[in-house]
Structure formats: structure tokens, C-alpha cells
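Could you put together the complete structure from these sequences and hints?
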Amino acid sequence: MAKKISEKTMPEDKNMADLIKSLGGAQRIYKYLLSKNKNITVESIYKWKKNGIPYRYRTAIEELSTSNNINLMDNAFLDKKDSDNKKTEIISSTGNKNKITFLNNIFLYLLLIFSIFLLIYIFYNNNNINRVEEKIIKIEKIVSSISPKDYSVEIKNFNNVNQIQNNKITKNASKIDEISISNNNLQSLINEIQRERSNSLSTQVQNIDASKINSIYSLLYLMNIKNDLQFSNPDLNEFNDIKSYLRSLTVPENVEIALNKLDQLSILELKSHNKIIDEIHNVELKINNITNKNVNEEKTLLDKFKKLVKITKTNNSTFVYTKSFQYNLINTLSNHNYEKSIYELNNINQNGKFNESIQDIKNLEMLYESINLIVKWLIFEG
Numbered sequence: 001m002a003k004k005i006s007e008k009t010m011p012e013d014k015n016m017a018d019l020i021k022s023l024g025g026a027q028r029i030y031k032y033l034l035s036k037n038k039n040i041t042v043e044s045i046y047k048w049k050k051n052g053i054p055y056r057y058r059t060a061i062e063e064l065s066t067s068n069n070i071n072l073m074d075n076a077f078l079d080k081k082d083s084d085n086k087k088t089e090i091i092s093s094t095g096n097k098n099k100i101t102f103l104n105n106i107f108l109y110l111l112l113i114f115s116i117f118l119l120i121y122i123f124y125n126n127n128n129i130n131r132v133e134e135k136i137i138k139i140e141k142i143v144s145s146i147s148p149k150d151y152s153v154e155i156k157n158f159n160n161v162n163q164i165q166n167n168k169i170t171k172n173a174s175k176i177d178e179i180s181i182s183n184n185n186l187q188s189l190i191n192e193i194q195r196e197r198s199n200s201l202s203t204q205v206q207n208i209d210a211s212k213i214n215s216i217y218s219l220l221y222l223m224n225i226k227n228d229l230q231f232s233n234p235d236l237n238e239f240n241d242i243k244s245y246l247r248s249l250t251v252p253e254n255v256e257i258a259l260n261k262l263d264q265l266s267i268l269e270l271k272s273h274n275k276i277i278d279e280i281h282n283v284e285l286k287i288n289n290i291t292n293k294n295v296n297e298e299k300t301l302l303d304k305f306k307k308l309v310k311i312t313k314t315n316n317s318t319f320v321y322t323k324s325f326q327y328n329l330i331n332t333l334s335n336h337n338y339e340k341s342i343y344e345l346n347n348i349n350q351n352g353k354f355n356e357s358i359q360d361i362k363n364l365e366m367l368y369e370s371i372n373l374i375v376k377w378l379i380f381e382g
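Count the sequence shown with my numbering and you get residues 1 to 382, in order.
Calculated from the structure, these hints are not laboratory results. Honestly, I wouldn't trust all of these hints.
Under the rule of at most 20 Å between Cα atoms (straight-line distance), these lysine to aspartate or glutamate pairs were calculated in the DMTMM-like manner [unchecked claim]:
{"hint": "1", "residue 1": "Lys-168", "residue 2": "Asp-278"}
{"hint": "2", "residue 1": "Lys-261", "residue 2": "Glu-284"}
{"hint": "3", "residue 1": "Lys-175", "residue 2": "Glu-192"}
{"hint": "4", "residue 1": "Lys-275", "residue 2": "Glu-356"}
{"hint": "5", "residue 1": "Lys-353", "residue 2": "Glu-369"}
{"hint": "6", "residue 1": "Lys-275", "residue 2": "Glu-192"}
{"hint": "7", "residue 1": "Lys-31", "residue 2": "Glu-63"}
{"hint": "8", "residue 1": "Lys-353", "residue 2": "Asp-263"}
{"hint": "9", "residue 1": "Lys-362", "residue 2": "Glu-344"}
{"hint": "10", "residue 1": "Lys-47", "residue 2": "Glu-62"}
{"hint": "11", "residue 1": "Lys-31", "residue 2": "Glu-62"}
{"hint": "12", "residue 1": "Lys-340", "residue 2": "Glu-356"}
{"hint": "13", "residue 1": "Lys-362", "residue 2": "Asp-263"}
{"hint": "14", "residue 1": "Lys-261", "residue 2": "Glu-365"}
{"hint": "15", "residue 1": "Lys-275", "residue 2": "Glu-256"}
{"hint": "16", "residue 1": "Lys-47", "residue 2": "Asp-18"}
{"hint": "17", "residue 1": "Lys-340", "residue 2": "Glu-365"}
{"hint": "18", "residue 1": "Lys-226", "residue 2": "Glu-284"}
{"hint": "19", "residue 1": "Lys-376", "residue 2": "Glu-365"}
{"hint": "20", "residue 1": "Lys-362", "residue 2": "Glu-279"}
{"hint": "21", "residue 1": "Lys-261", "residue 2": "Glu-339"}
{"hint": "22", "residue 1": "Lys-226", "residue 2": "Glu-369"}
{"hint": "23", "residue 1": "Lys-376", "residue 2": "Glu-256"}
{"hint": "24", "residue 1": "Lys-243", "residue 2": "Glu-269"}
{"hint": "25", "residue 1": "Lys-226", "residue 2": "Asp-241"}
{"hint": "26", "residue 1": "Lys-275", "residue 2": "Asp-228"}
{"hint": "27", "residue 1": "Lys-38", "residue 2": "Glu-63"}
{"hint": "28", "residue 1": "Lys-243", "residue 2": "Glu-344"}
{"hint": "29", "residue 1": "Lys-362", "residue 2": "Asp-278"}
{"hint": "30", "residue 1": "Lys-376", "residue 2": "Asp-263"}
{"hint": "31", "residue 1": "Lys-36", "residue 2": "Glu-62"}
{"hint": "32", "residue 1": "Lys-226", "residue 2": "Asp-177"}
{"hint": "33", "residue 1": "Lys-49", "residue 2": "Glu-62"}
{"hint": "34", "residue 1": "Lys-226", "residue 2": "Asp-263"}
For each label pair, taking beta carbons as the anchor points, the in silico distance ranges come out as [as the list claims (entries may be wrong)]:
{"hint": "35", "residue 1": "Ile-113", "residue 2": "Lys-138", "range": "29 to 39 Å"}
{"hint": "36", "residue 1": "Asp-263", "residue 2": "Ser-334", "range": "23 to 33 Å"}
{"hint": "37", "residue 1": "Ser-22", "residue 2": "Leu-108", "range": "46 to 56 Å"}
{"hint": "38", "residue 1": "Leu-108", "residue 2": "Lys-49", "range": "34 to 44 Å"}
{"hint": "39", "residue 1": "Ala-173", "residue 2": "Lys-376", "range": "48 to 58 Å"}
{"hint": "40", "residue 1": "Thr-170", "residue 2": "Asn-337", "range": "15 to 25 Å"}
Bear in mind the structure is a predicted one, so any value in this text is a computation, not a measurement. Note that beta-carbon positions come from the ideal geometry of N, C-alpha and C, so glycine has one too.
What follows is the structure, given as C-alpha cells:
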């Protein structure tokens, strides 16, 4: 009897809201169904008030009502068939909505893609127009900055310089002829003495002892090398014989130093003035050819005029490499002014392109000074 009093009874006309409340509320039902591995949301439980309890939750709800001593009304659960119909109706309605949404989305996507391409096209064309306008402005500035100029004065000055250089060439050519004649005469004399020396180094010839002959031969041999520096590469192949003879004598310290320098130079490849100048010209010509290959633009009269003069900057000073420079270099070498030649080459020695030629000139300077010292000693004291 006490059990019946404690039990809760539910009249048949109790509505679904009261049922949910009597089972402990939507939250309690939600937690209970989750514990039974039923996927559901609290919002779905509230929908039971209108739609009834779905058939799939029947067993779990009956267990919950039993544990709470509540008798469920007969129409609390949806019939399985009704549930399936509603589900089909919902799915069908949802499918129609999804199709409409999908078609709307496709239209929006196409419209968005078209808008993006249109914006990119407008932006690209706008950039191209701006670039063209900038180039036109630059060209107009360049054209406006160019003013007609008369180059007749510059050309006249250049012709004057060219005439002066031609006169120098003619004058130097006559000097070269004179030196060549003197050199041939000297070579003939050396050949004659050499023939006599082969038979009379140790005996007297025409009242001249062997020592005098050796001294004269050494003197002429060294003078021949010195006088022929411009045209012929110095040949020190016979220097060992000269060195042996001179060291058999008592020579001062400065002459001994000069002999040591010649000994060092005898193993090197010495070059004449002409050989050095040719190599310098070839280096410059090679650089100019490489530069010309990289320039494919049309040459104007001004460009051709500028091509005649190459300006090189070194140590914040400006030096000009022209044909005039080559003529000056020939003159300084011909006058044996090796220091000035080295100085001039150093001024245009960009990236060490003339290092080898500078070293060749230094070797000639050492050779020339050493021979001068020995020749003076042979003439005045030897």
C-alpha cells in the first residue's frame, strides 16, 4: 500500500510538456540518452512537445520512466511508419532546398570569378597604360634635353692632334732608320771581332793581348744589347762567358751587384720595346672587342667620335687612352725613360690588365741600368 502511494501516476491526457517535466526535464533526458549512446541535442528534446517522442528512443525513455515510477501514455511515441514518413518528408524538403542552394551558390561563384577576372584585367591594363605614359614622359624629357650641337670645332681639334702625331711618326721613322743603320754597322763590327776572338782569346793579335780582346768583346756585346732594346728581344745566352771573364777581374761592389742582376734576368724571357707595345695594344684591342659585342645600338656621329677616346678613372683622376698615349709610350721607351712609362701604364691599369707589361718594363729598366754600370766601368776602369 505504501508502494502505491509513493508511485507517481500520470493521467492519459497529460500533455508532452508535462511528460518531459515529469521525467526530470530536457537536460536530464539529454544526459540519460547520451549515457545510452544515443546522439541527440537538447533542442530536439524540446521538439518532442509538438512531434512526440521518436520511435528510436522508445526503449531508453521507457527505462527512464520506469526508474522514475511514471506510466507513459499510449500516444507518447510516434508510430514508426509516421516517423519514417516525416523523415522522408524532411529529407525530401531538405534535398529540394539543398538543390536550390547549390544552384544559387554556383551562380554566385561564377559571378564572383567573373568579377575577379574583370578586376585583374582592368588593373593589368591600367598598369600598362601607366608604364607607357611614364616611358613617353621620359622620352619627351630626353628629346627636349637634346639640343643641336656643332661638332666642327671638336673635329678640327682632333684633326690638328692627328696631324701633330703624324709629324711625330714621320720624325720617329727617320730616327728609326738611323738607329737601324748604326745597329747594322755595330753588328758587323761585333761579328768581325768575334771571328778574331775565336782564334786569339789566349794569344796576342796585332799587339793586343787576350784580356783586351775579351774586354772589348764584352763591351761591344753589352752595348749591342743596350742599343737594340727597341727592336730585338734581349738575348743573354752568351752572358755566362762574359760573366766568367768579368768575375775573373777585380770588380767593385756596384758592378758585382749589376752582374748578379743580369744573372737573374738571363733566365727570364725579356722583351723589346716593340714587343711590349704590341702586347699593350692587343690587350686594349681585346677589351674593346668584348665591349663592342655587348653593344648592339646604332652608332651616331657623336658615338663614333667618343669611340676615338677612352676615358679611365683611377684614384679620382682622369686619364685618356688614345693613340697619342701610345705614341708617348713609344717615345718614353725609346728614350729609356722606364720610370715614366711604368707611371703612365699604372694610371690606366684597371683590374691589373697591364701587370705583365709593367713587369716587362721593370725587367728592361734593370737590364738597361746594369749594362750601363758595367759598360762605364769597362770603359773608364776595366
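Verification of the supplied hints:
1. Lys-168 - Asp-278: Between Lys-168 and Asp-278 the Cα gap is close to 19 Å, so the pair holds against 20 Å.
2. Lys-261 - Glu-284: violated (31 Å)
3. Lys-175 - Glu-192: violated (26 Å)
4. Lys-275 - Glu-356: Roughly 12 Å separates the two Cα atoms, so the pair holds.
5. Lys-353 - Glu-369: Violated. Lys-353 to Glu-369 sits at ~26 Å, over the 20 Å cutoff.
6. Lys-275 - Glu-192: violated (29 Å)
7. Lys-31 - Glu-63: holds (14 Å)
8. Lys-353 - Asp-263: violated (28 Å)
9. Lys-362 - Glu-344: holds (13 Å)
10. Lys-47 - Glu-62: The given pair, whose Cα atoms are some 18 Å apart, holds under the 20 Å limit.
11. Lys-31 - Glu-62: holds (15 Å)
12. Lys-340 - Glu-356: With Cα atoms ~16 Å apart, Lys-340 and Glu-356 stay inside 20 Å; holds.
13. Lys-362 - Asp-263: holds (15 Å)
14. Lys-261 - Glu-365: Holds, at about 11 Å.
15. Lys-275 - Glu-256: It is violated: about 29 Å lies between the C-alpha atoms, which goes past 20 Å.
16. Lys-47 - Asp-18: Cα-Cα ~13 Å, so holds.
17. Lys-340 - Glu-365: holds (11 Å)
18. Lys-226 - Glu-284: With Cα atoms ~28 Å apart, Lys-226 and Glu-284 exceed 20 Å; violated.
19. Lys-376 - Glu-365: holds (17 Å)
20. Lys-362 - Glu-279: Roughly 15 Å between the alpha carbons, so the hint for Lys-362 and Glu-279 holds.
21. Lys-261 - Glu-339: Since the Cα atoms of Lys-261 and Glu-339 sit roughly 18 Å apart, the hinted pair holds (cutoff 20 Å).
22. Lys-226 - Glu-369: holds (10 Å)
23. Lys-376 - Glu-256: holds (13 Å)
24. Lys-243 - Glu-269: holds (19 Å)
25. Lys-226 - Asp-241: holds (18 Å)
26. Lys-275 - Asp-228: holds (12 Å)
27. Lys-38 - Glu-63: Roughly 14 Å separates the two Cα atoms, so the pair holds.
28. Lys-243 - Glu-344: Violated, at about 34 Å.
29. Lys-362 - Asp-278: Judged against 20 Å, a Cα distance of about 17 Å means the pair holds.
30. Lys-376 - Asp-263: holds (18 Å)
31. Lys-36 - Glu-62: Measuring from Cα to Cα gives roughly 13 Å; hence the hint holds.
32. Lys-226 - Asp-177: Roughly 17 Å separates the two Cα atoms, so the pair holds.
33. Lys-49 - Glu-62: holds (17 Å)
34. Lys-226 - Asp-263: holds (16 Å)
35. Ile-113 - Lys-138: 29 to 39 Å: holds (38 Å)
36. Asp-263 - Ser-334: 23 to 33 Å: Since the Cβ atoms of Asp-263 and Ser-334 sit about 27 Å apart, the hinted range of 23 to 33 Å holds.
37. Ser-22 - Leu-108: 46 to 56 Å: Holds - the Cβ-Cβ distance for Ser-22 and Leu-108, about 49 Å, lies within 46 to 56 Å.
38. Leu-108 - Lys-49: 34 to 44 Å: Because 38 Å falls inside the window, the suggested range holds.
39. Ala-173 - Lys-376: 48 to 58 Å: Given range 48 to 58 Å: violated, Cβ gap about 31 Å.
40. Thr-170 - Asn-337: 15 to 25 Å: The hinted range 15 to 25 Å holds for Thr-170 and Asn-337, with Cβ atoms some 22 Å apart.
The structure fails hints 2, 3, 5, 6, 8, 15, 18, 28, 39 (numbered hints given earlier, in ascending order).
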